Each structure stands twice: as C-alpha cells, then as structure tokens.
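Generate the whole structure from the sequences, applying the supplied hints.
2 protein chains.
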Amino acid sequence: SPAAERLRHILGEDDTTPTPTIFTEMDTLQHDGEELEWKESARWVKFEEKVEEGGERWSKPHVSTLTLHSLFELRTCLQTGSILLDLEGYSLPQIVEEIVDRQIADGLVPPDLKEKIIFVLLRKHRHQTKKPIHRSLADIGKSSNTPSNRSPQVNLTRSTSSASGIHRSTEDLRSRQSSSLGHLHPAQSRSMNDISDTPSTDQLKNKFMKKIPRDAEASNVLIGEVDFLDKPFVSFVRLAQATTLGGLTEVPVPTRFLFILLGPQGKTKSYNEIGRAIATLMVDDLFSDVAYKARDRDDLIAGVDEFLDEVIVLPPGEWDPKIRIEPPKKVPSAEMRKSVLNLNELGQMNGSAGGAAGGEDDELPVQHELGEELKFTGRFCGGLWLDIKRKIPFYCSDIYDGFHIQSISAVLFIYLGCITNAITFGGLLGDATDNYQGVMESFLGTALAGTVFCLFGGQPLIILSSTGPILIFEKLLYEFSKNNSIDYMELRLWIGLHSCLQCFLLVVSDASYIIKYMTRFTEEGFSSLISFIFISDAIKKMVAAFKYYPINRGFKPDYVTSYKCECVAPDQASAVGLNVSAPMSDDNMTLLFNLTDLDWSQLSKKECVKYGGALVGSSCKYVPDLALMSFILFIGTYSMTVSLKKFKFSRYFPTKLRCLISDFAIILAIMFFCGLDCLLELDTPKLHVPIQIKPTRSDRGWFVLPFGKNPWWWYLASFVPALLVTILIFMDQQISAVIVNRKENKLKKGCGYHLDLFWVGVLMAVCSFMGLPWYVAATVISIAHIDSLKMESECSAPGEQPQFLGVREQRLTGILVFVLTGLSVFLAPILQYIPMPVLYGVFLYMGVASLSGIQFWERIKLYLMPPKHQPDFSFLRHVPLRRVHLFTLVQILCLAVLWILKSTFLAIIFPVMILGLMVVRKLLDLMFSQHDLAWLDDILPD
Amino acid sequence: SPAAERLRHILGEDDTTPTPTIFTEMDTLQHDGEELEWKESARWVKFEEKVEEGGERWSKPHVSTLTLHSLFELRTCLQTGSILLDLEGYSLPQIVEEIVDRQIADGLVPPDLKEKIIFVLLRKHRHQTKKPIHRSLADIGKSSNTPSNRSPQVNLTRSTSSASGIHRSTEDLRSRQSSSLGHLHPAQSRSMNDISDTPSTDQLKNKFMKKIPRDAEASNVLIGEVDFLDKPFVSFVRLAQATTLGGLTEVPVPTRFLFILLGPQGKTKSYNEIGRAIATLMVDDLFSDVAYKARDRDDLIAGVDEFLDEVIVLPPGEWDPKIRIEPPKKVPSAEMRKSVLNLNELGQMNGSAGGAAGGEDDELPVQHELGEELKFTGRFCGGLWLDIKRKIPFYCSDIYDGFHIQSISAVLFIYLGCITNAITFGGLLGDATDNYQGVMESFLGTALAGTVFCLFGGQPLIILSSTGPILIFEKLLYEFSKNNSIDYMELRLWIGLHSCLQCFLLVVSDASYIIKYMTRFTEEGFSSLISFIFISDAIKKMVAAFKYYPINRGFKPDYVTSYKCECVAPDQASAVGLNVSAPMSDDNMTLLFNLTDLDWSQLSKKECVKYGGALVGSSCKYVPDLALMSFILFIGTYSMTVSLKKFKFSRYFPTKLRCLISDFAIILAIMFFCGLDCLLELDTPKLHVPIQIKPTRSDRGWFVLPFGKNPWWWYLASFVPALLVTILIFMDQQISAVIVNRKENKLKKGCGYHLDLFWVGVLMAVCSFMGLPWYVAATVISIAHIDSLKMESECSAPGEQPQFLGVREQRLTGILVFVLTGLSVFLAPILQYIPMPVLYGVFLYMGVASLSGIQFWERIKLYLMPPKHQPDFSFLRHVPLRRVHLFTLVQILCLAVLWILKSTFLAIIFPVMILGLMVVRKLLDLMFSQHDLAWLDDILPD
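Going down the list, the sequences are from chains A and B.
If you read the first sequence in the UniProt record's numbering, its first letter stands for residue 1, the second for the next number, and so on.
If you read the second sequence in the UniProt record's numbering, its first letter stands for residue 1, the second for the next number, and so on.
Calculated from the structure, these hints are not laboratory results.
Each hint can be trusted.
The list makes no distinction among identical chains, and a pair is therefore deemed to hold if it is satisfied within one copy or across any two copies.
Taking lysine to any residue pairs in the SDA-like style, the calculated list, with each CA pair at most 20 Å apart, reads:
1) K743 - I939
2) K375 - K391
3) K868 - R651
4) K868 - L657
5) K516 - K746
6) K868 - Q803
7) K211 - C659
8) K329 - P871
9) K547 - I632
10) K556 - S604
11) K861 - T655
12) K556 - C620
13) K646 - L864
Since we're looking at a predicted model, the values are computed, not measured.
Laid out in structure tokens, this is it:
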C-alpha cells in the first residue's frame, strides 16, 4: 500500500537513533467558577488513565478503546489543520502565537480572532495531581448549601434519554463560557503568570514521574469548545527541541508535540474522542516514530493509515464499549510490527497483520535449548575448562549481587528447609546405620558440603542436601556389612573414593553432555516424583504423630476418675534381681531401700519401665491433645503459607508490602505457629538440635582410616557399588541442574555442569574420609531457592505487567544458608522452640509448590475438566485432547512404576530408572508425531 | 449519515415481527487425502467458536476480533459480487446452479467455469462434531509411519519468519488441488449423495442443538481458494424460505443465508478474514435485521457502514491480536443500539455511539424503588386488603413451584439453620427464664409459628425465628417479675396480647409505609449488626468450648503416671449426714453399706460431687482432646463450606455437578465432619434434641391462663412494655422484609408487608397463650433461604453468561422446614450425631456469607486498598474517595454505637436505635450532596 511504502521510506532512513518514549497528557477546556481553565482529563504512558470526573481520581490504566469514527475525523483534522514541524519554540506564549499566526496566514482563521484564541490557549492548566484534600472537611458544610452545583433536580429526573441531558449540559456550558468571556481581560494577567518556564514544585513533587522513562518527552493534547469559532481550529506541532513549557504538563517532562483542537460548540464528545485518538496514536510505538521522523503532512497521514490497517476491531454486538479493557500481559513489540511492515513489502502477508485467529497453526513452540554448556568438546577436560572460564568473570558479582533485602528472606527460608532436611535425614540415617551417621554428622556434612559447593560450584543456586536414594543405599550397605562382618565405615570410604574417581572420569570426558537427551518428559517425571516424596513424607510424619500420641477415643469427661496410669511394682524378687544385676549407683541404692508403693507411684513412665515396673491403667497408652495440636500446627502452617503467598495477588495494601509478606510467607507462618505453640504450652514434639560437637556414636572419630579393618580385595571390589552411587549422583545432580538452569529462569551467568560434578566428586571423597553423609543437588529446595530470588522489573508504565527479569544469581545466600546450618549447633536454645509439625507443614508446602509449576500436573488436571472449561494452553490449540491425555497417561504410568520401585529394595537402582525414563521417551517417538511431541515435550536431538 | 438514514427506513418499516436468531457456520475448502471437501472452521451463535486445527476441538467462545482491512474487503465484495435476495431454493444443487447462472448472466464469470464452480460448491461438508475417536488408537502406529503428513522437517526448521511458512503451505495446497481436480468426475456422484434433503443422524444427534434458540435459522459462509479463477467469485444469497439443505450445516437448522467466496490462490488468510467478518456481521443483532429486511445491495452496504460506525477499535500497540477476548458479562442490547440509531436522526449524539470513556458522568444510579406495596392508602385495612388481593392469585403456584430438586438442598440447609437457632435460643431462653421457656418450647414454637407464617404470610420466603433483642427482653422481664413477685407467664401473656393489638393497629393504619424511609444506610447498619452478632456468637461459643474442656497444658507424656483424678471420701460423718437427709433410695442404701475406698474410686465425677466426695488429682479439671477436636470441627466445617461454595467457579467437572456440589456445600461439610467425628469416636458436645413432648418445666402446662395470679391493674399496665415489644417486632420484621424484597432479588410475586405484620401479631397472641417464645423474621436465615433458591437461565449461547432469573418463590420449602423442625423431636436418634462445633461453623459461615453481599463491607475493604488497586465500583467513578471513606466512617461509628448499646441493658431499646439510624441518615443530607448519596445510598423520599 502507498502508506506502508511511505512509512518504510521514512522509518528506514536512520533506524539507528531510537526515538524517545512519549508521555501524552490530554487537557480539556473547562469552566471553573467564573474562569476558563484547561483541566487534565486523561494521560497515557502506554495505556490510558482517565480522570474520573465525579470520583476525582485516576481510573485504572486500560486499553484505549476508540471509535472508528474518531480516527477518521482525526485523519480529516490532520488533512485540513495546520501542521508545524520542527517549530523553534521556547515558551508557550511564543509557540501559541506562532500557531495562530500560521493559521491566519493559511487563511484558516480570521485575524480578528487571534486575541481570543491566544487568550483561551494560555489559560491556566489544572492537573489531577493537585488533590484538594483540604477541601474534604470544608465540603461537608458547603455541599448542602450549594445543591445547584451538582443539580440534584437534574439527577432526580432520571432522564432515560441521555441525549437530552447532554444537550442541556452543552447549553449550560455555552452560557457559562459566554459569561466568562465577558470579563475577559481582568483574569488574563493572573493566568499568564501561571505559565512560567521553570517547572513548578507541584510538577517536581509529582510521584508519577517515576513511572515515566527518563528519556521521555511529552506530547500535549488540548481539546476545547469555544463559542467564537464556526469551524474547528486544528494544529499539530512538533518542536525542534523538546522544551519544558511551564505548567503545561503535570510532570516536569519537556514537551515535544502539541495537538490543539478548538471547535465550535455542541460536539464536546466528538472532540474528546478525537483527542483520545491522537493521544493513543502518539503513544503507539510505530506512530510516534512516524511523528518524530515525518517530513510533511502526508507522512503523518500515512502513519494514521498504517495504524488503521493494524487496528483490531470488536463487533458492537459482542462487546460493551463501556468496559475498560485491562492491559494484556504481553503486547506485540514495536520491532515485530516494524518487521511486519517490511514484510508487507514482499506482498505476501496480505491481511495477516491482525490475523487474530489464523496463522498460528503452522507455528511450533520455541524449542527448549540447552545452550553451549552441554556441547561435547571432545577434548580432555574441555567442558570443565569452559565452565571455569565462564564462571570466573562473574565471581566478584556473585558476592556483591547478594546484598539485597530479598536475600534475607531467601536465606531464612532455605536455611529452615535445610536444617529440616538435615534433621530429618540425619534422624533417618542414624536409624539406618546404628548412629554411625546421625544428626550431628548430617548438620556438619550439610554445612561443609554446601559451603564448599556454593563457594566454588558452577551453579551456586543449587542447594546440596541428603536425598532419598542415597539414604536407601546407605541403609542397604550398612545391613550388608553388618551381615558379612565388614567394617562399614571403611567400606563406605572406599566406595566414596571410587565414586569420586568415577565422577572425575565423567568430568574429564564431558559426559554430562548426555543430559541434553533429557527432555521435559524426563525432568517432569523426576521432579514430580521428588515432589510426591516430599508430600508423602510430610503426610506420613503427620500420621505418625497420631500413632505416637494416641488419642483416648473413648474418653468420657464425666468418668475422668476412672482414667489413671499407675506404676505397679513387680514382684519383690525380680525387682531385687534387677538391682543386683545392674551396677550399684546412688539411684539404685535409694531405690533398694524404698521399694514401697509410694515410691513406685512417683516414678515416671520411662523410669517405671526401666526399673521393671508395670504400667497399669486405662490412660497409660494415650497421650492427650498432642496429636490434634500437631495436626492443627501442620495444617495451619501449610494453609497460612499458601494464603500469604497468594496475598501477593490480592488488592490490599501497597504492592511492596504485599511482596514483602509474600516473600516472608514461610517465616511468618512458622513464627505464628511457633507463637501459638508457645502460648498453649503443650509438649508438642520440638526440633532437637545437637548441642555438643562430637560424633553421634562415641566409638568413631572425625576421620576414617582407609586401611586395616577389611580384607584388601574389598578396596577393589567396592568399585562395583561405587558405580551405582556414581550413576545415582550423576543423574540426581544433573537433572536438578537442568531444572535450575531452565530457560524460563532467565539465568544470565551461565551454568557449569562439569564444574558442579567435579565438586560433588571432591565432596564425596572428603565426606567419606570424615564419615559424613554424601551430598547431591536437591531439586525441591533448589527450586525454592530460585523462586525466593526472582527479580521483577519495578519501573513500568501504569498497567504494564512487571517483567520477570531473572534470578538474583549469587553465591552469598547459599554460603550464608550453610554457614548458618553449621552454626545451628549453637542456635539450639532458639531452634528448640520450633515444633516439628510446623516443619512438616513447610515440607508439604515445598512439595506442593514445586508440583504446581509442572506442565505434567496441569495436564493431569485436564482429566477432571470438561473440554470447554479447559484453560487456553497453547498445546491444547495444537494437539488433539485425546493425544494429550494419552501422553499424560504414559507419564502417570511411568511415575507409578517409579513409585512402586522406590518403595521396594529396587530403590537403589532408582537412578537407572531415570535412564529408563529416557528410553521410554525415545519410544514415544514411535507413538506420537514429532509435531505433537514438540508441543507436549521437546524434540530429541539427533 | 446516509447509511443510518437508509437503515432507519428499512428497520422502521415493520418493527413488529422480530427476526429469527441466526446461527452462522463457516466452512473452508480443504484438501483431505485426494478429495476436496468443505471443512467447518468456525461457528457463531453469538460469539465465535473456532475449530482448533491441531487440537481437533472447539475453542472457547470468544469475541470475534476482526481486522479493519477484512471489513473493508467485505464491503468491496458486497459491492462487486452478486446479491440474490429472496431466492426460491429447495435444494443445494439447485441453489448453487442459480447462483452460478446469475454470476454468468452478470458477466462476472465466464460460462466455461460453471461446471468447475458447481463441482467445488457441492463437495461434501465435514463438521467438527464427527470426532474421529476411533482413530485415537489407530493413530499410534500410523503417525510414526507417515511423518510427511505433519511434516516434522518443516517443524524443525523453526522458521521465524512465518511468512515463508505460509507461502510454502499455499504452494502445497495448490499442488494438491490441481491434482484432485485432475480426476474430477469419479468422485462427483458420491459427493452429491452426501447432500441430501433430510437431516442426517449426525446432525440430529448433535448436542450443540440445545445451545441454539428454537426459532434460529442458519447462515452458511463458504470460503475457498481454487486455481481456476482469476478473480474472486462472491455471492450473497437470502432464500425466500429457510430450507434444510442436507449436510450443509452441522445442526438441523434450516438455512436462510449463504455467503460464498471463492477466490484465486495465494490469499487464504485474507479470504478467511473476510469470511469471519461476514459471519460476525450475520450474528450481529442489527445487521441480521438488515440482512432480513434488505431490499437491495445498497441496504446491505448501509448495514456494513452502520456496523463500521459502531465498532470498537483497539490500538495495535496496546493489544495482542492473538489474545482471545472472553465474552463480556453484558453486551449492549439490540434495542439500545436501535434506539441510538433513531437518536442519530436527531443529530445530537454525534460520536457518542461508541463513547467508551465519555458520557457516563452525567448518569445517576438506578434508584432503589419500593413499589406500590408501601404506598399509604389512607383507607382502613387498605394495605392489608391490597396485600391479600396481590397474593391470592399466586397461592397455587406457591405450592407447585416448590417441586424442584433445588428445594431439597434449600430445605436441608435452612432446616439445619433453624434447629441450630432453635436449640441455641432455646437453651439461652431456658437459662434466662428458669426453664419457663426451654428447648422444647423453642422447637414447638418455631415449628408452629413458622408453618403458620409460611402458609398464610405475605412473603413466605421470610423465615421466622427467635432473635437476640427478644431474648434480652424476656430476660429482663423475668428478672423484673421475680424481683416483684409477679407471675411471669401471666404478665407475659398480657404483654403479648397488647402487642398483638398494637400490631393490628399498625396493620389497619398502613403504618408499614414508613419503611420506605429506610435506605441502604439503615438496612446495611441493621443487617451487618445481625451478621456481626452471628459471627461473634459462633466465635464466643467456640471459645467457650476451650473453657468447658480445659486443656492440660503442662502435660508431659512421660509423667502420665502422676496424672490422675480420684474421688476421695469425705469424713464418714458428713457422708452419713448426706444419706440421712436425702430420701432413702436403693442407690443410697447400697452406698451406705459400701462406704469403703473402693466404692468411692468407682464413682464418676458427677456422682462423686453429688455424694459430697472430693475430687483430688492433677487431671480433674482437664478434659483432653475435646477442645482441640471441637476447634478442628469448627474451622473445618467453615472452611469446607467456603471452599465448596467457591467450587462452583472452578474449572473442574461439568457445570451441573459443580452447581450441585455448591448448592449442597453446607450439607456436605456437615456430613463430612460428622463422619470424621464419628470416626474418632470422641465425646465432643453433640446436638441435644428433646425426645418427649412436654414443657421443659414440670410446673407449667401448654396453656397459660390470663387471669388469677396478678393484680388486675397489671393487665392494663402491660401496655407500656408491650409498646416496646411492638416497636421491636415491627422494626425487626419489616427491615428483614425490605432486605428480602430487594429489587436485586427479582421477586415476581409481590410482597405483603401488612399481611406479614398481621400474622406476626396473631402468632404473638397464640404463642403468649401457649407459653411459647415470640417469633419474628430472622434476617440472616431469610437471606440464606433466598440464596439457596436462586434460579439462573440454562440455555444461553456459548460464552453468554447465564442470567439471574429470580428466586424460586413458593411456600413449600418454608413449610417443609418448619414441619421438619417440629418432627425433629422424633429425629433425635439421628440428630444426636451432629457435633455442636459443626453447627457453630455453619453459624460462622452464615454470618460471613451475609456480610459479603453488603456494599458497606466492600467500602470498608477500600480502606485497606491503595486507590490504584481498588475495584471499578461505579460509585468510585462518581464520588471522590474521601467522601466514600467519610460515609463509611459514619456507618462504622453508628455500628460501633449500636454494638456497645447492644452489649448493655439498653439492648432492649435496640429497635429504637434503628429508628435512630434513620435520623442519622436524614442528617447525612446535610453532610453529603444528593449526588453522592444517590451513588452511596438512596435518596430519601420527600
């Protein structure tokens, strides 16, 4: 089209200099009391904000809905009005004078109106920012005295034909204006002073300034109705230099464009619509470019035509024009629109610019790319060397990027997750290995491994932790060594050393590149399994509380007298026997001399059992209140965390406060329920942190000797179990790393799969020597770590969605978390107030939260939704529902098989199962077309 | 404008016959295997539903977003193509032949193409309804074998420029089409059979039919690209009679309009957009009228022009055309749009048709009208007589309208509310009056009063119940009579009789008309007070459970042996003394002979206290588990009810099931938590329903004698307290009635304020004679009753919001509720399983739910919201925020004063306080302008 042709010409000229962002303010001519003034009625940064006349407030930012009519009228205005491009202007009076002179010169306006027009155009500007708060009390008395101001009579007639209402108000305005024009000159001098060259304090104080980009320039739209004109006075002005024109604009932004429309009376609405149309055009990325670069009137009109060609039209019967449309999450970028313009040149995209419904079927989703980190270099240590080269430049920023308030919340949150994990796995490991590795080892190991990894690892956002598969391996290993009279610690050391060596082999040979065969299918399988383990563990532990603190279900308050639990002495003989066999302590001496009923009844439950007494009574096996209290704490912590997290999206309180509450949701929930627990003073199970630094088992030291206890050939044979451990660690570590490094997290500092694995290997060896548990990346906590460090853009135009900018990538939070974990040994006095059920609630939350981001989970939900209620996922637009369901079903089956295997002794080959998932994925290529897989999963590399 | 002029002419001709609704189907020419066929690609009832090509499903209904370009192209098509109006058509082949002949006659198409065009137009039509489900398994093997079908190669090239992709697929299509046209004739005969005269089974079975109004006619849009044309072949056909044209349409709806666009190749997207444009126009209320009544081509073009004049335009930079816009809650009605058309005639509404942002400031909210029920007739019994006349015609429908599944849910819900209320107030009354009125009286009174009121009252949706103010009055009255040795029951009877008489006076004098001075301000004050009472009562009762079942906070599980509670015998002497003074029963005899330690220890707590024993031990004053269990039941019932109510708006399960779950939310929550309670077998406090029908106090009968016990002058003096009761009853009853009869409930059978008051008066007298409590309308339960009977429209076009149609107005649910309440005396064995905390949870829910509908509550929330996050309430657009806040503050202060008064002895003049609220409202006229009050409240009548 000729318009597009013209635009390509002017836009293509010097595409190097970007044009400033435009802020548009529209002022309309109003009658305040006896004076005429320009009153701000709307403004645009990107979306429209309107002044609510009655509400005296800004509306929410919304998409400007225009009428086609107004756009055509605007086009006519630009065709007939005077266009002044690159006018040298330094003050408003001078500019106005030039405009009017030009109009007179062009014969558009008779010279005798010059003074009147200049008078009107130089009236005072009133902006919405000047909130007349001081009036609020004064109003109370006034409003009842001056009912005619708001004219309740007019209100009460409820004229259904709004037309006649408008007619009346127009006449009203006319009579007022003529009266004001009567005493024209007395007001002029005062009004002129208002238009000064320097920004007023009101302007400078305006907080709205921070919503406007720094380079912004203003465009002012002035729309008014006057009685002395008989045809519209239209002028479009571009100044040669952006100039601050006193109080013209509500913010101290220099004005570049002026659009003036003064018209004869009776068409206020029409004029307003034209004003809105030009204002909307001015903030349009493409048109503002045109406005900056236009050489003449025709360029501007071509810009309008191109805009018209791109507009989206809503049918009047399907949409109510009164609805204000909320700004969309994403709008087409200016670049994209310009490229469409250039494609039009080729003449192939006819009618597709606004193709709302057509065209997307040919598209494919953006492929999940793993980047160059996983390329197979083929050189010795090639990947590792690249990783180090990639990470070194960021090392300093890795430290100072951590200094941010958000880090505090992240550290607290992850710290609590870590110590909960350390305590849980420590306890379980202690059980499994007869305390060869207990809570103490777990704490110190976590602190050591975590700190080292965060200091030197390739991806410091990854949090190391004990994981389920490793626990199961240790359990089986301990049982094996006990049954075969092999020294467990020594055997474990050798396995660790072999495994470390194998890791090094994987590192030097760039083996991590096979990770790229892991698609969403495999990742989702793995991470949902881990999430389910978190959830089921939390629930299991809660159920265990009901077993540990049984409720006396038959309790009748009235028969409280029949509930007791007494310690009854055993036969005298057996009691003496006990004392004889036991070494003679002071306690036992006392006991021997006091074997009366009274003594026995004062023993505690444990003592009673210890001294061989029998517990008799109906309340012995019950513990009141604790189970239910634990349940309340568990559910309460979970629900409060969920609610506070959601609070971010509520309407209450300023955004910053809401974000703060949401960021600290877990801490707040924990503190609240710890407080509640303290208040009720119930003896709920509390977090138990070891106080003294010594190995849990007294017969082992802090260093394991590699030789002497087992036959020599074990040193070699441990190669085989080590292979299993290596696969396990490799898979566990690298899948978590892939999930952390996902494109959607927008990480900028690159990742280091090889470097990560190197340090995991080193730590394997160190931990084995010190008899500490082995550590590997923990998916759920790592994701939580990333989530708590997400950054969003702060300065955005009103209505624009804040953009997810990326993650605060740094090493500080990780290091602090693990240093704190180490120091927790000294924090016992504080930590001991945290009830365990509260921590189980946090576990449940972490499991559920990490599930909710997974597409697999969204697809499972689709089973329960009738097709018409399903969300508009892009894959549903492109893949038939039954194929989607089939794909989900395959995933569910795989997960079920994994879950069953995990629950049996086969758990040890769990990592191999993940490899199995990759095979299943390969087989899916036979079941699904590549098109479907591209939408539901990723396409496997060749 | 000339277009509007033309339209006014044809639309004004015969406005009496409404045109049928149009269903539009758009089919595009596709290449399936080797054959050409027409494939359905979108359909419109009111909104657009698109076939998702890849997803093989219907998209969600959405607003059709068009391009301006396509509308202009469509206009050109209508200008140049052939227009056949009122064509006599009986079968598709005949119609197609006539179309092509006309084109040839007009010289638009060379005659040699006739056969080819007819061949293409008579191809088989495939509709989206035929879901190839059977394929789903067959696909599994196939898709991998025929990768070329979906061409993964194309997918994998990930061409960012979609233009070239389109280019390629177009060429693809061209090559396919030319190959199919090669063997043209063999397929023809088969295809012709497909177009039969009778609807196929597929059509008849199509469930979509129920979404289309009965009178609907179809318009078929056929869009295709062929290689034998060099300019577009466009035809717009209106048949003289709507005719079923075989398999043309997916549903058996007769076709009235046909739009055919066949064009040369290379512009598929453009053609599709034109097709969407005409389809959208066809379902537009105004254009479809034009299409039915058009006399010639120019009329149609005028219709398009008028449509263009009304369209809403979205700027390309502020909206992404790919977003499918959800249908709005409300669209401008066709009548409104036609009236705008007529107003245009007056030439005053220039540019206001699509005035998205302008014009609403002059509007006033629709005033709250009370209707003629509250007019002051000035005649004796005038209002009562009108009430009876108004209600009589509905009496039969009042019964049979109740037969609906929804009634069951409503009955169960309200029944539970009623008995909870009856038990609560019964218990409180029993306490207050030394059991002169107890739970038994409360049950029977509720049943009696409720049944009578629902049978004969003016507004049977109102539920009578005991209320707080009455309770307080009874309490004060009983204390007064006890202190002054006056017979309570006789005094109460006389007060009741006086009050009944006073009610009659109010009825005959039409005094209820003063209710119209009660505006939203007064109503909101009253109903939020009642809601707060519900909420605070529920919480108070829950807190009381913690006092009643104290938790042993210092309990240490290990020291269970030291917790016991023993009944210790008092001195032998005092024990004997007890036995001597008490009558000698068998029990006491046994006791006397067995005053050993053993016996005492086997006594229950109550027995022990009864026989003068002392309870010794640390567990005596504690009750385990019950308080916490009660709390879990309370919170659980409340949260489950809230969640299930919200479930209606979730995406899961079909709409009907969700509505069912939401309707039965309270019952489901009660059943679930009763089940949980049964499962745990804990002795939580249960609902206690009396079993035998006898007065709670044995020294009173079922009939109170009016004379004999008090001095005669009391019979007259009771006039004074009766006056207080009358005011109380009048206010309580009528405010509830006003709330129930609100406009927004869309009640159709009228109300009967005078009749209601008459029956309340009668029941006062009856209840006084029988010594039963007094009853009056209960706001919260009545609102719950209405909410549970709300009706919504079922059949609506896809995407259209179901409309709230009104309330199932009938007497059956009310009657059943109260009959059940009466029968509850026999239902004790079932009801005794319901724990009281569950009912408190229901109370809490009722209080919170009735608050949530109140604008006052919404305004309170505004205090906590920063202005930019506040919802777009219409009053916020018209009243400055500080005025809104000021108004809310006045309401909060009034409420606080009421709350304080309620908590003191002044509670008895509570109804007078409501009159006080009306005075405050009158004073607000001095503080606020009528404009502000019209938005925030209602304007007082003169």
